[in-house]
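S.K.: Here are the chains, one letter per residue:
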Amino acid sequence: MKKYLYGVLILVLLILPACSNKSSGDEIKTGDAKNPAGTITVWGWDVAAATLKESVEIFQKKYPDVEVKVEDFGSGDLYEKLTVGLAARGSGLPDVVLMEDERIPGYTHQFPQGFLPLNKLGYDKYKDSFNPAKVAAVQDKDGNMIAAPWDIGPAGVFYRVDYFEKANVDPDAIQTWDDYIEAGKKIKEATGAQLLPIDISNYDGVFQMMMQQQGLSYFDEDNKITLQSPEATRAMSVIKELYDADLVFNNSGWDGIVTATVNGTVATIPYGVWYTGTIMDQAPDLKGNWDMFYLPKFKESGTRYANVGGSSLLIPSTTKNQSAAYAFVEFFTTDQESQMLGFEKYGLFPSLKDTYVLPEFTANSEYFNGSPIFKRFAEIVEEVPKIHLNENYAKASEITSNTQSSVLLEDKPVEDALKDAQKQLENEMKR
Amino acid sequence: MGKVEIKTNAPINYQLKTRKKWLTPKRAPYVFIAPAIILMLIFTVYPVLSSFILSFQEVRGIEKTFVGFSNYTRLFQDPVFYKSLLNTFQLLIIQVPIMVSLALLIAVGLHSSMVKGRTLFRIAFFMPAITALIAASIVFMILLDEHFGLVNYFLSLFGIEGIKWLTSPFWAKASVILVMTWRWTGYNMVIFLAGLQNIPSDLYEAASIDGAGKVKQFFWITIPQLKPVFIFTVVMSTIGTLQLFDEPFILTAGGPNNATTTITLYLYETGFKYFEFGYASAIAYVLVLITAIISWIQMKLVGDDDK
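Which chain is which? The protein sequence lines are A and B, in order. If you're matching positions, the first sequence starts at 118 in my numbering and goes up one per residue. If you're matching positions, the second sequence starts at 2 in my numbering and goes up one per residue.
Just so you know, the hints here were simulated from the structure itself, not pulled from any lab data. If you're wondering where the values come from, they're calculated on a predicted model, not measured in any experiment. Hints may be right or wrong, so weigh each one.
Okay, derived cross-link-like pairs now, DSS-like style, lysine-lysine, Cα gap no bigger than 30 Å in a straight line [said to hold, decoys possible]:
#1 B/K174 <-> A/K512
#2 A/K198 <-> B/K165
#3 A/K303 <-> A/K283
#4 A/K341 <-> B/K65
#5 A/K305 <-> B/K165
#6 A/K258 <-> A/K237
#7 A/K186 <-> A/K198
#8 A/K536 <-> A/K503
#9 A/K341 <-> A/K416
#10 A/K547 <-> B/K84
#11 A/K512 <-> B/K274
#12 A/K512 <-> B/K84
#13 A/K186 <-> A/K341
#14 B/K274 <-> A/K540
#15 B/K274 <-> A/K170
#16 A/K341 <-> A/K244
#17 A/K462 <-> A/K242
#18 B/K274 <-> A/K186
Bound conformation, chain B alone:
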């Protein structure tokens, strides 16, 4: 003890210096984010890079051979790929607008003070988004069964007979849209609700003093004010739809005759059913490219005049 007291400041300074080498205030943040970054590098960046390399290879068993661009040229001659692309875009163009407008309507409804039990409704609408998708899809599969399903039973009470929900090309697509809408409307609604709460109420007050009715207020205040929220929901939904997998996988397995095969479903089948991992990786990269382009266009279209 005594010895320590006698010591000068010099060694302490020295100790600080060595420590400083490793953990300066400047470097500390890097150390803190390191675990997350390392995990991301291992589980995201590494697979992304290695599947990029894979997309130029043909894999047979554990042997890989470089084949140049042949996976990509094959892709552009593959009718099933085009069909899955078309399906995905049909779902996208029909489903996203329906869902976003529904979400907006519900959000505006639940935002107004006239509705009672708002919290309950909010929870009810949001529930599907946190339900396990596989479980939900199986329930829908049973509900929509052509012969024994509850939906067709109810319809038969009104004289509508035997809609082939999952077995006709048209209705199978409609069913997928139905399930997607059921699942994601509530999620988007919550985002819209948050957006609505950020609109200053004096805008509405000023408008009503000027004599604008509720409808006019909705179109001239609510919608323009929600623009950033719109961009967010539309872009996120678009990306989600482009990566659509679970619903068609469980509901229809891509059938009938590939009517509900989406790009990711085709990717999965190519890799895991037909062992063509190189080709599957090529599909993945084309999908990434398409997603990037579309998101960019959407941001440009909607967001430009803000700048």
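This is chain A alone, in the form it adopts within the complex:
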């Protein structure tokens, strides 16, 4: 009897997982490429999800037969659900999904068949409508456009006009990182505020910006790790100098940086353009007290331009309504009105170039000290050095954050720390 029971149970075990693969395929209403119809689901988060939701109305003017359901998760949850769904051969996945650009190589490496190559559906014709660095970021190794470009994050240093005036520091005179440090010391003396926030143990954003200014990511074009390059040493050394001069505010996470912004704990914040939305939203009282200068450069080499963040839209290849999903992605990313919706309301900076001439872009911003801040960001979009990322981005970023905390918090010499980091990343990448 026992044996018999076990036999049944083992049988059940073997059959159950086999069943789950063939989910009952209900007949869904879909149209064809010319007249898409039916319902699609879109995953996004936060302000991006809000933008997607609001743009549906505009989309439906052109495609009245398509229903769009936008679901809003935190980005961490979204990635987890996406990973699990892809690993389970597409069960429970949406028709369109939002993804940060630096995550794209990781996903296309892990799941080479996971997403539709948009160029094969006709997206190729828009290649020149976007800024080239962004287009490069959404391509896979074979040059297929895996994602449709949405927003980008040209970087600058947001600063407190009143603090700079009080300390008698001229923002235009800050050309190099050395100038920046000197200015920081003066400002600290005059106002008590620290110069910039860095989430030391969890986020290496400043380091990444500094690397991109010099034309590198954690990897060069040949996929070689750059952590022991002179560029990386320079970047980490400047961060160390800033910390040693007690100019770094060690913020904990996103809430920490927002609190520091609102409370006036820091005088400057080097970040992507999308942070304007948060500043305006969270600190309405500081109107007129914020402005922006471009990133300081390294005196040895490099530019004053970098990019932080940005995301794109992908279509999982398991979608049951490809025509409607593509219609939505194509429409949303190339439609000025939808793009401006996200820009005006939430500060999501489009990569669609022909939006940059619109009056909303060129106007002076009252909040930002009456300067044409968005025009100035738009002007540098073409100047941002193209960098090469690969599937090891997440690992590299983690290792660099750890290196940053060992250099700043545990006093490990910059060269040793970077050498160890390079070695660790090499080990990880061998696999």
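Using the hints, position chain B against chain A.
M.R.: Here is chain B on its own, set in the frame of chain A:
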């Protein structure tokens, strides 16, 4: 109706016989436990087995290839794994004794008839154990914030400035220990209380007639009598600590520089952040092995002379 009455017993016996085939008193228990067993097989045994197979595979997307023991050999050369192992053991060695002794002290206190409002205190101490961990960890994260947290504000009133609760490697560990202790002391206290109630009171009476004071009674009666409870709490706490995940995940995300990365946190990151499910499964199996060995040693050490 009439026809039935006329019928002999024979067909009825026959019916009973066929029924008997399926549901005898002997088999009935199996039928009753079947739902639970089937669920356990699907949701526990099956994943356990399949992750064991997974630990010998490399997973890329939906393709799996057998790689033999390479996940395990990699594990033994992985500095982050060693660090997470070390962290876990540091937490274990420091936290469990503190918590168990605290739980015992509180239990003895609440057991004595001198304390008023015992039920209230019991509930108060037990509450953390039934609080949602994520919510609790977020509250602690806010309390312990280096710049804006309440804890540092109070300390500053006494002239202690800016303890980096979550951002220095040392204090981050201390914070994790603090939160773990806050959460689990009450739980262990309840177990000790139950144990205390089982100690016969004539032991104490006899001791006090012999002239033993309260302290002597505690060390010579209470503690030896609580031995099985000790074994239970220590083993359970050890297993719990070896599987520690929520507190560091929310409080510090394993930082700074992996100072609070525990084995399970590393396992999770390996699987869900870096997509290496095969390697993550190997970590899981090594953790199972370690847990089994330590539990076995603890049972041997404490329990031997009972037999």
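S.K.: Next step is simple, just say for each hint if it's right about the structure.
M.R.: Hints, one by one, checked against the model:
1. B/K174 <-> A/K512: With Cα atoms ~23 Å apart, B/K174 and A/K512 stay inside 30 Å; holds.
2. A/K198 <-> B/K165: violated (34 Å)
3. A/K303 <-> A/K283: With Cα atoms ~10 Å apart, A/K303 and A/K283 stay inside 30 Å; holds.
4. A/K341 <-> B/K65: At roughly 27 Å apart (the allowed maximum being 30 Å), B/K65 and A/K341 satisfy the hint.
5. A/K305 <-> B/K165: Since the Cα atoms of A/K305 and B/K165 sit roughly 21 Å apart, the hinted pair holds (cutoff 30 Å).
6. A/K258 <-> A/K237: Judged against 30 Å, a Cα distance of about 15 Å means the pair holds.
7. A/K186 <-> A/K198: Holds, because 17 Å separates the two Cα atoms, which is no more than 30 Å.
8. A/K536 <-> A/K503: Distance of about 25 Å is within 30 Å: holds.
9. A/K341 <-> A/K416: holds (25 Å)
10. A/K547 <-> B/K84: Holds: A/K547 and B/K84 sit about 21 Å apart, inside 30 Å.
11. A/K512 <-> B/K274: holds (8 Å)
12. A/K512 <-> B/K84: holds (17 Å)
13. A/K186 <-> A/K341: violated (42 Å)
14. B/K274 <-> A/K540: holds (20 Å)
15. B/K274 <-> A/K170: holds (28 Å)
16. A/K341 <-> A/K244: holds (28 Å)
17. A/K462 <-> A/K242: Holds, because 28 Å separates the two Cα atoms, which is no more than 30 Å.
18. B/K274 <-> A/K186: holds (27 Å)
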